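Trainee: Sequences are here, hints too, so could you generate the full structure?
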Amino acid sequence: MLERFSSYPRVIVELGMGDGRLLESLAQRDGDSLFVGIERDKEQSRLAQSRITLSNLMILGGSFEDILPTFPDGSVDGFIAVLPDPRFIDEKKEDSWKPFYKAVYSKLKLGGTLELVTELTDELLQPVTDEAYVKWVTQLKTSFLSIGFHLMDQREGAPAQYSSRCLDQFRGDPERVRLATLKLAKH
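Throughout, the working numbering is defined as the position within the sequence shown, counted from one, plus 37.
No wet-lab data here; the hints were simulated from the structure.
Treat the hints loosely; a few may be bogus.
Here are the simulated distance ranges between beta carbons [to be verified]: (1) 161 with 47: 41 to 47 angstroms; (2) 99 with 178: 27 to 33 angstroms; (3) 43 with 175: 35 to 41 angstroms; (4) 193 with 45: 30 to 36 angstroms; (5) 92 with 160: 43 to 49 angstroms; (6) 68 with 193: 28 to 34 angstroms; (7) 188 with 123: 20 to 26 angstroms; (8) 127 with 43: 34 to 40 angstroms.
When the alpha-carbon atoms are kept at most 27 angstroms apart in a straight line, the in silico DSSO-like pairs for lysine-lysine are as follows [said to hold, decoys possible]: (9) 178 with 220; (10) 139 with 178; (11) 178 with 135; (12) 220 with 130; (13) 220 with 146; (14) 146 with 172; (15) 139 with 223.
Note that the structure is a prediction, hence the values are computed from the model and not measured.
For every residue, glycine included, the Cβ atom is placed at its ideal position computed from N, Cα and C.
Mentor: This is how it looks when you write it as structure tokens:
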């Protein structure tokens, strides 16, 4: 894997790539970078591997918690995490997920980024208030800044060019499912 990393000027890793649609789209637009997708679900990983034939896209089946430690420190230009499992973003589970994002930070090159797209829903599936949304985004920023990340950008919603089954579904209900994108960098 290290030799593939070193043969490209940029390496972008998607943590939990699902069906691979997003990563495939990015790899088609940027043939000079290596895109690496990690997916735990064996069926999704297998289907993506059979469908995607781009030479600048690698699919690794398995848990990113197990695969990430195999990457050399300072070897990745960017990580993308779209709608991570609540175990990796929920405020109540911060003590368990923060060490993982510290490992992500260590794998980034200086100036490398983590783009995090995540969602907030009301427990009773009511519309999410502006107050609850702002509090949630503030908590996320505080957590990631405490790891060492620098906030480069923050916006409500997901990048327009990003598409996945869940992301497209969530965009259809913007009052009850509020999306946020944080672009964080290693300095």
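Trainee: All hints are to be evaluated individually against the structure, with a verdict given for each.
Mentor: Hint by hint, here is what the structure shows:
1. Checked against the hint of 41 to 47 angstroms, the C-beta distance between residue 161 and residue 47 comes to roughly 43 angstroms, which is consistent with it.
2. Checking the proposed 27 to 33 angstroms range against residue 99 and residue 178 shows it holds: the Cβ atoms sit about 30 angstroms from each other.
3. Between residue 43 and residue 175 the Cβ separation comes to about 39 angstroms, which falls inside the hinted range of 35 to 41 angstroms.
4. Distance hint for residue 193 and residue 45: a CB-CB separation of about 33 angstroms, consistent with the stated range 30 to 36 angstroms.
5. At about 45 angstroms, the CB distance of residue 92 to residue 160 agrees with the hint of 43 to 49 angstroms.
6. Checked against the hint of 28 to 34 angstroms, the C-beta distance between residue 68 and residue 193 comes to roughly 32 angstroms, which is consistent with it.
7. Checked against the hint of 20 to 26 angstroms, the C-beta distance between residue 188 and residue 123 comes to roughly 22 angstroms, which is consistent with it.
8. Distance hint check for residue 127 and residue 43: the Cβ-Cβ separation is about 36 angstroms, which falls inside the suggested range of 34 to 40 angstroms.
9. The suggested pairing of residue 178 with residue 220 holds, with an alpha-carbon distance near 10 angstroms, which does not exceed 27 angstroms.
10. Annotation: proposed proximity of residue 139 to residue 178 holds, straight-line Cα distance about 14 angstroms (limit 27 angstroms).
11. A C-alpha spacing of about 12 angstroms is found between residue 178 and residue 135, which places the hinted pair at or below 27 angstroms, so the restraint holds.
12. The straight-line distance between the Cα atoms of residue 220 and residue 130 is roughly 21 angstroms, inside the 27 angstroms bound, and the hint therefore holds.
13. With a CA separation close to 15 angstroms, the supplied pair residue 220 and residue 146 stays within the 27 angstroms bound.
14. The suggested pairing of residue 146 with residue 172 is violated, with an alpha-carbon distance near 30 angstroms, which exceeds 27 angstroms.
15. Our distance criterion of 27 angstroms between C-alpha atoms is met by residue 139 and residue 223, whose separation comes to about 11 angstroms.
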